[in-house]
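A.B. asks: These protein sequence lines are chains V and B, in that order.
Every letter in the first sequence is one number past the one before it in our numbering, and letter 59, counting from 1, is 59.
Every letter in the second sequence is one number past the one before it in our numbering, and letter 190, counting from 1, is 190.
Any given hint could turn out to be false.
What the hints assert, rightly or not - Incomplete in silico selection of chain B near chain V, CB under 8 Å:
#1 Leu147
#2 Thr148
#3 Gly149
#4 Ile185
#5 Ala203
#6 Asp204
#7 Asp253
Claimed, not checked - BS3-like, lysine-lysine: derived pairs with alpha carbons at most 27 Å apart:
#8 Lys129/B <-> Lys2/V
#9 Lys2/V <-> Lys135/B
#10 Lys39/V <-> Lys7/V
#11 Lys129/B <-> Lys7/V
To be verified - Computed spacing ranges between beta-carbons, pair by pair:
#12 Asn251/B <-> Asp31/V: 16 to 24 Å
#13 Asp31/V <-> Phe137/B: 33 to 41 Å
#14 Asp31/V <-> Thr136/B: 32 to 40 Å
#15 Thr136/B <-> Pro16/V: 45 to 53 Å
#16 Asp31/V <-> Ala115/B: 46 to 54 Å
#17 Pro16/V <-> Thr199/B: 24 to 32 Å
#18 Pro16/V <-> Arg38/B: 42 to 50 Å
Hints listed in this document are in silico derivations from the structure and should not be mistaken for laboratory results.
Using N, Cα and C, we set each Cβ at its ideal position, and we do this for glycine too.
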Amino acid sequence: MKGRISKTLESILLDPAARRELREHLIRGRDGWVRANGKTYRVQMDVTSKVKSPIGGRFAEAG
Amino acid sequence: MSFAFPALLAFLLVLPGIILRYSYARGPWGWASPTSLRRVSEELAYGVAFALVLHAVWLLLVRRLGFQPDVDSMFLLLIGNFGEGQRHLDRVLASVSGYYPWVAGYLVSLYSASAVAGNLGHRAVRRLKLDHLTKTFRFDNYWYYMLTGEVLDFRENAGEGRRVDGVYLSAVVDHASGSYLYRGIVSDFTFDRDGALDTIVIADAHRRRLVDDREEGALRSAVGPSAPDERYYEIRGDFLVLRYSELRTLNLDYFAVTLEEGPAGVVPGEAAATPA
Numbered sequence: 001m002k003g004r005i006s007k008t009l010e011s012i013l014l015d016p017a018a019r020r021e022l023r024e025h026l027i028r029g030r031d032g033w034v035r036a037n038g039k040t041y042r043v044q045m046d047v048t049s050k051v052k053s054p055i056g057g058r059f060a061e062a063g
Numbered sequence: 001m002s003f004a005f006p007a008l009l010a011f012l013l014v015l016p017g018i019i020l021r022y023s024y025a026r027g028p029w030g031w032a033s034p035t036s037l038r039r040v041s042e043e044l045a046y047g048v049a050f051a052l053v054l055h056a057v058w059l060l061l062v063r064r065l066g067f068q069p070d071v072d073s074m075f076l077l078l079i080g081n082f083g084e085g086q087r088h089l090d091r092v093l094a095s096v097s098g099y100y101p102w103v104a105g106y107l108v109s110l111y112s113a114s115a116v117a118g119n120l121g122h123r124a125v126r127r128l129k130l131d132h133l134t135k136t137f138r139f140d141n142y143w144y145y146m147l148t149g150e151v152l153d154f155r156e157n158a159g160e161g162r163r164v165d166g167v168y169l170s171a172v173v174d175h176a177s178g179s180y181l182y183r184g185i186v187s188d189f190t191f192d193r194d195g196a197l198d199t200i201v202i203a204d205a206h207r208r209r210l211v212d213d214r215e216e217g218a219l220r221s222a223v224g225p226s227a228p229d230e231r232y233y234e235i236r237g238d239f240l241v242l243r244y245s246e247l248r249t250l251n252l253d254y255f256a257v258t259l260e261e262g263p264a265g266v267v268p269g270e271a272a273a274t275p276a
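Using the sequences and the hints, build the whole thing.
C.D. replies: So this is what it looks like as structure tokens:
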């Protein structure tokens with residue numbers, strides 16, 4: 001698997017309720033919290049506000 | 001001397017450069033690594049350039065080991081011209097027939113060394129993250145860097161990007177019944193034989209009709225599982241494979257997930273309403 005899915009994210013995806021919570025945050029593109037396995041995780045969006053794309057320009061703005 | 005033989009010889013001589021380029025661009029088998037295969041014509045041009053260097057190095061090496069390659073005979077074979085009255089033909093034939101095992105050994109060892117050198121070069125660039133540091137070593141595969149989030153690790157983006165735990169993909173796909181927005185977390189992707197993006201595999205796939213977009217300024221329901229976005233519905237299955245050729249537009253969102261210190265309890269901001 002070449003996609004970047006960290007161990008933390010993997011553990012959230014394995015928990016159906018946490019996965020649904022995460023999905024809602026991702027759909028809305030807003031920061032939030034997810035509970036999985038008795039722990040609370042913070043979901044942070046917009047980690048790439050000024051990142052330049054490898055094909056030139058700033059693709060974050062285009063998105 | 002047939003026309004095909006000089007062409008075959010030229011191919012055998014250029015082959016080390018092609019092998020070096022291919023093994024460098026392809027990377028080790030089984031590695032999740034960017035591949036950057038170019039068109040055959042481009043690969044051939046690179047192959048010729050690299051082959052010249054490789055032969056120069058290999059000739060020096062084998063001479064140090066005591067083997068004296070008959071470079072003149074090789075050139076005569078290559079151009080297929082043995083002088084007036086074929087006066088050099090006997091010398092060339094004697095050289096080829098007398099040293100055939102050595103010539104074969106020279107070529108095979110050079111092919112092997114080229115493959116190993118290309119492979120090691122790829123490993124070194126990836127291990128030392130040289131492709132993140134400079135564009136010189138960056139593989140010609142921007143999809144890999146974008147779909148894995150490695151684009152954030154590039155030197156020119158230093159200090160801008162943060163840790164990425166996942167890549168959230170949104171793609172529009174046209175169906176007979178209308179356009180749909182497919183979304184999910186990028187799990188894997190594949191390239192075709194030409195190195196172009198072929199498929200994207202997403203986990204936790206969900207979709208909605210594109211016409212269900214919200215009006216500008218409309219209020220959103222509360223964030224959290226208590227009020228899921230009703231426009232979307234989950235696609236049953238572990239993974240969904242999207243064919244790149246069928247995607248109309250594609251958007252990527254990088255996100256981070258960090259463990260909050262302290263006891264798990266009330267989740268802050270869960271009931272807050274946010275504008276669309």
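A.B. asks: What hint numbers does the structure not satisfy?
C.D. replies: none
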